[in-house]
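This is what each chain is made of:
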Amino acid sequence: MRRLVRLAVLIALAVWAWRFFLGRNEPLERATVAYEDGSAVVVEPGSPGFERLAATARTALR
Amino acid sequence: MDVAQALAELTELSSQVRRAVVLDAEGALVGSTGEDSGAAESLARAARDLVEAAADLRGSGSAVTRVEVELEEGAVFVLREGERTIAATTGPEPTAGLVAYDLRTCLKGISESEPEKPKRRRAPRKTKADEGTGE
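Order-wise, the sequence lines are chains A and B. Each residue of the first sequence is one higher than the one before, starting from 19 at the first, in this note's numbering. Each residue of the second sequence is one higher than the one before, starting from 30 at the first, in this note's numbering.
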């Protein structure tokens with residue numbers, strides 16, 4: 019029983035460490051656009067259109 | 030609820046919203062949080078440009094209803110409902126769903142308080158009898 023608890027704690031620590039260190043590599047910047055017909059587009063850095071949206075948003079954040 | 034009251038309630042409810050503006054159907058500034066009119070006009074202009082850029086992403090077709098741009102330094106949200114548009118800035122990594130919900134609630138609060146436009150009444154139809162009497 020004690021081994022089982024130790025194993026569960028180790029797994030939980032491994033999951034936390036994985037999310038803490040590797041989860042931060044996900045892109046922090048992105049844009050989402052939704053349309054009247056219900057469709058939506060997610061635009062990430064490097065995608066066409068993202069730089070225009072980001073530059074416009076930066077003017078509002080200054 | 031008028032625009033100023035709805036915006037005051039928004040900033041009270043949402044700790045994530047830093048600045049917000051409301052625009053009318055033509056894109057003119059109707060109300061804003063804070064006293065800095067230059068910052069409000071800058072956000073209003075950014076909101077109009079974001080909607081235009083978002084529409085260009087698709088080329089043609091359906092109208093833009095929501096634009097969210099999340100950057101390292103913060104995020105900008107633009108929501109359109111009916112004839113009103115609301116735009117807001119937040120800090121980095123906002124809870125996007127919650128901010129969008131708060132903005133939509135603010136817009137609904139404004140639109141519900143607007144008086145309905147008076148309906149135009151049709152002129153009564155002319156009957157044959159009326160036409161006969163006119164001659």
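The hints are simulated quantities; they were obtained by calculation from the structure and are not laboratory data. Here a beta-carbon is modelled for each residue, glycine too, at the ideal position from N, C-alpha and C. A portion of the hints provided could be inaccurate.
Estimated spans, in silico, between C-beta atoms of each pair [as the list claims (entries may be wrong)]:
#  : chain 1 : residue 1 : chain 2 : residue 2 : range
1  : A       : S65       : B       : Q34       : 18 to 28 Å
2  : A       : W34       : B       : P121      : 30 to 40 Å
3  : B       : R133      : A       : R80       : 35 to 45 Å
4  : B       : Y130      : A       : A35       : 32 to 42 Å
5  : A       : W34       : B       : E112      : 29 to 39 Å
6  : B       : G120      : A       : I29       : 40 to 50 Å
7  : A       : F38       : B       : K137      : 36 to 46 Å
8  : B       : S91       : A       : V23       : 37 to 47 Å
9  : A       : E54       : B       : A33       : 24 to 34 Å
10 : B       : D85       : A       : V23       : 54 to 64 Å
11 : A       : A35       : B       : G120      : 52 to 62 Å
12 : A       : L31       : B       : R87       : 39 to 49 Å
Here are some chain A residues pointing at chain B (derived, C-beta under 10 Å) [said to hold, decoys possible]:
#  : residue
13 : V33
14 : W34
15 : G64
16 : G67
Which earlier hints turn out false for this structure, listed by number in ascending order? Violated hints (numbers, rising): 1, 2, 3, 5, 6, 8, 11, 13, 14, 15; every other hint is consistent with the structure.
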